[in-house]
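J.: Following the hints, put chain B in place on chain A, whose structure we already have.
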Amino acid sequence: MNAQQQDTLQQLLQQYRDLPGGLLPLLHAVQDVLGHIPADAIPAIARAMNQSQAEVHGVIGFYHDFRTSPPAAHSLRLCRAEACQSMGSETLAAQLRTQLGVDDHGHTADGQLELRPVYCLGACACAPALQLDGQLHARVTPEKLSALLAACGKEAKC
Amino acid sequence: MLTLYIPMDSVACAVGADAVAAEFATEAARRKLDITIVRTSSRGLFWLEPLVEVDTPQGRAGYREVSPDQVASLLDVDLAANGDHLLSVGLVEQLPYLKTQQRLLFARAGITSPLSLEHYLAHGGYQGLEHAARLSHDEIVAEVLESGLRGRGGAAFPAGIKWRTVRQAQAEQKYVVCNADEGDSGSFADRMLMEGDPFLLIEGMTIAGLAVGASRGYIYVRSEYAPAIAVLREAIDIARAHGYLGADVAHGGHEFEIEVREGAGAYICGEETSLLESVEGRRGTVRAKPPLPALHGLFGQPTLVHNVLSLASVPLIMSRGASWYRNFGMGRSLGTMAFQLAGNVRRGGLVERAFGLTLRELVFDYGGGTASGKPVKAVQLGGPLGAWIPPSQFDTPLDYEALAAIGAMLGHGGAVLCDDSLHLGQMARFAMQFCAEESCGKCTPCRIGSTRGVEVIERLLAAPDSAERERQRALLDDLCDTMQYGSLCALGGMTPFPVQSAMRHFPADFGLDTQEQAR
Chain A
1 MNAQQQDTLQ QLLQQYRDLP GGLLPLLHAV QDVLGHIPAD AIPAIARAMN
51 QSQAEVHGVI GFYHDFRTSP PAAHSLRLCR AEACQSMGSE TLAAQLRTQL
101 GVDDHGHTAD GQLELRPVYC LGACACAPAL QLDGQLHARV TPEKLSALLA
151 ACGKEAKC
Chain B
1 MLTLYIPMDS VACAVGADAV AAEFATEAAR RKLDITIVRT SSRGLFWLEP
51 LVEVDTPQGR AGYREVSPDQ VASLLDVDLA ANGDHLLSVG LVEQLPYLKT
101 QQRLLFARAG ITSPLSLEHY LAHGGYQGLE HAARLSHDEI VAEVLESGLR
151 GRGGAAFPAG IKWRTVRQAQ AEQKYVVCNA DEGDSGSFAD RMLMEGDPFL
201 LIEGMTIAGL AVGASRGYIY VRSEYAPAIA VLREAIDIAR AHGYLGADVA
251 HGGHEFEIEV REGAGAYICG EETSLLESVE GRRGTVRAKP PLPALHGLFG
301 QPTLVHNVLS LASVPLIMSR GASWYRNFGM GRSLGTMAFQ LAGNVRRGGL
351 VERAFGLTLR ELVFDYGGGT ASGKPVKAVQ LGGPLGAWIP PSQFDTPLDY
401 EALAAIGAML GHGGAVLCDD SLHLGQMARF AMQFCAEESC GKCTPCRIGS
451 TRGVEVIERL LAAPDSAERE RQRALLDDLC DTMQYGSLCA LGGMTPFPVQ
501 SAMRHFPADF GLDTQEQAR
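Here the protein sequences line up with chains A and B, keeping their order. Per the working numbering, the very first residue in the first sequence carries number 1; after that it's consecutive. Per the working numbering, the very first residue in the second sequence carries number 1; after that it's consecutive.
Okay, chain A solo, but in the shape it has when bound:
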């Protein structure tokens, strides 16, 4: 972490250290600001929350949302739960594999887009659904997916 990130972290530690059960809100806050939870932030987090580093690692590892490496420029979360599967989400996953060469938990060769599965976005009546850079899209067709990718600079390779 650079000096500015250190400062940010210290502020967040002050803010959350006395919150009962504050580790999850703290980790969310760190990730919101820094994009990920840097490995060198963990000793300070553990000290502030009066927990062992192992416990902090354990919490980060348990939850799918927390990450210890910086995110790609674009994040695509394709819903793979039953309602979306019944409306063709697997076809969309196959499209991403063939057009972009990207698989679940993977990223494109240029590192610009990462794909993560998600199990339910609450849009099950308008399936299939996905989240691109935090924005929810529903009734997604292969054409709509291509258009969304094109709009974020990921021209589908044919």
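Because the hints were derived from the structure by calculation, they are not lab data. Fair warning: this is a prediction, and the values are worked out from it, not measured in the lab. It is possible that some hints are incorrect.
Claimed, not checked - Stretch by stretch, here's where chain B covers chain A in the computed footprint (C-beta under 8 Å, at least three residues):
id, segment
1, 62-72
2, 122-128
Said to hold, decoys possible - Distance condition first, Cα-Cα at most 20 Å in a straight line; then the derived EDC-like pairs of lysine to aspartate or glutamate:
id, chain 1, residue 1, chain 2, residue 2
3, A, Lys144, B, Glu65
4, B, Lys442, A, Glu55
5, B, Lys374, A, Glu90
6, A, Lys144, B, Asp76
7, B, Lys32, B, Asp76
Just so you know, even glycine gets a beta-carbon here, dropped at the ideal spot from N, CA and C.
T.: Same frame as chain A, now just chain B:
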């Protein structure tokens, strides 16, 4: 003067509601029209979204699946006089889909603006708390007991008994925890309610706090529901600013505060003890019960843990009375249930009805069958841990006991339809894979069983002959048995439901012939 109502629900926006609202504003300004755009919650008629409604002398008229490029043509007709347009659906409240529902919990859906306390109060809001404030704690608990309300999260435990237990527990600090970790595929009622009518949940939690003697509440919302989290936090601030939260919520010196906690992408945190661990800032591993959370819950204190819809039912029970509430439903399933139609369905959306309508009515009368137009192959009821139900069982009434009798469950009320493009052998494998991915790892049947389950189903699906198939099927049955009876919580304990129901009702998808499965 034209008043338009456009939902701000995140799914309505995911299919274009924001863009439509913006286009109406732009186009009206260009034409110098005097229009007001009210952003409301969603009616839950998702197949019509973005649904734009317009005030007319007869009531609100609706226009379906509006896209920005249709806005100009809509403004060309006389909308205020229910003008005719290709997208017109007529008066929204006369649509059979809505008219035949019994909207108690979702009475305000699509009508009010989510963050308008004024709207909430004008539509019956806070009458429940007002009534509860005049009762003793024990009288409130007695009313909830009398109503027959059962937990809407899936386990259907009688709410009043839980309330009484927490009420009678002796402790300095008690808590009310709302389980808003709605992770079941096919479910979106909690999301709709939190995004669309947040004050109802706040009011329900406040009454619960008053009744059991808790001064703090937590709402644990899954991180996938960012818009709901934002709406709730804002609603809590508004409620506090108006004295509905804080030091004196019911004119008797009773304090109540609510904090929203964001999950971090773990399905298991919908299990109540795992959720409590998560609120405490730990890995969401399941706790053994007993001790019950009602006695030894959050931070070791007596805690009332309820699903969103259970808590949201309370204001109505208070304002209208338990005996009124009991008029809805059948047998031991009383009140209304928010059914949710999802997946491959022609008319997906929210159907709030008293318990007891049949699955056939839900799937065909409301849902209209599949979106693809092909025959309905099966319905998965109650989320990823719910059974796949074949059309031959569609006449089962939607009631906890009747469903249990056919080896199914209502869960949180989500129904996912599919046609023959969905291979139920693959879905059985998916159920095990999902369990493996989401298992908290505390108990062996779930942690190891799910991974072995994926492998056994893969071998079963790839079996070269019937002898091998039979061997794998026997192994799978045995494994399911171990998971069902040996797991600590419902994740491992109920993953066998979708697996075995798929195998029982759709043997062909496993390469099993009908005779092989008949047992």
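J.: Quick one, are Lys374 of chain B and Glu90 of chain A close enough, alpha carbons at most 20 Å?
T.: 19 Å, holds
J.: Hey, Lys144 of chain A versus Asp76 of chain B, does the alpha-carbon distance stay inside 20 Å?
T.: At roughly 29 Å apart (the allowed maximum being 20 Å), Asp76 of chain B and Lys144 of chain A break the hint.
J.: Keeping to a limit of 20 Å between CA atoms, is the pair of Lys442 of chain B and Glu55 of chain A held or broken?
T.: At roughly 16 Å apart (the allowed maximum being 20 Å), Glu55 of chain A and Lys442 of chain B satisfy the hint.
J.: Checking one constraint from the list: CA of Lys144 of chain A to CA of Glu65 of chain B, max 20 Å. Satisfied?
T.: Holds, because 16 Å separates the two Cα atoms, which is no more than 20 Å.
J.: If you count the residues of the segment 62-72 of chain A with a beta-carbon closer than 8 Å to a beta-carbon of chain B, do you get 3 or more?
T.: Since 5 is at least three, the answer is holds.
J.: Regarding the pair Lys32 of chain B and Asp76 of chain B, is the alpha-carbon distance no greater than 20 Å?
T.: 13 Å, holds
J.: Count residues of the segment 122-128 of chain A with a Cβ under 8 Å from any Cβ of chain B, then say if the count reaches three.
T.: With 6 residues close enough to chain B, the hint holds.
Checked against the numbered hints given earlier, the structure breaks only hint 6 and satisfies all the rest.
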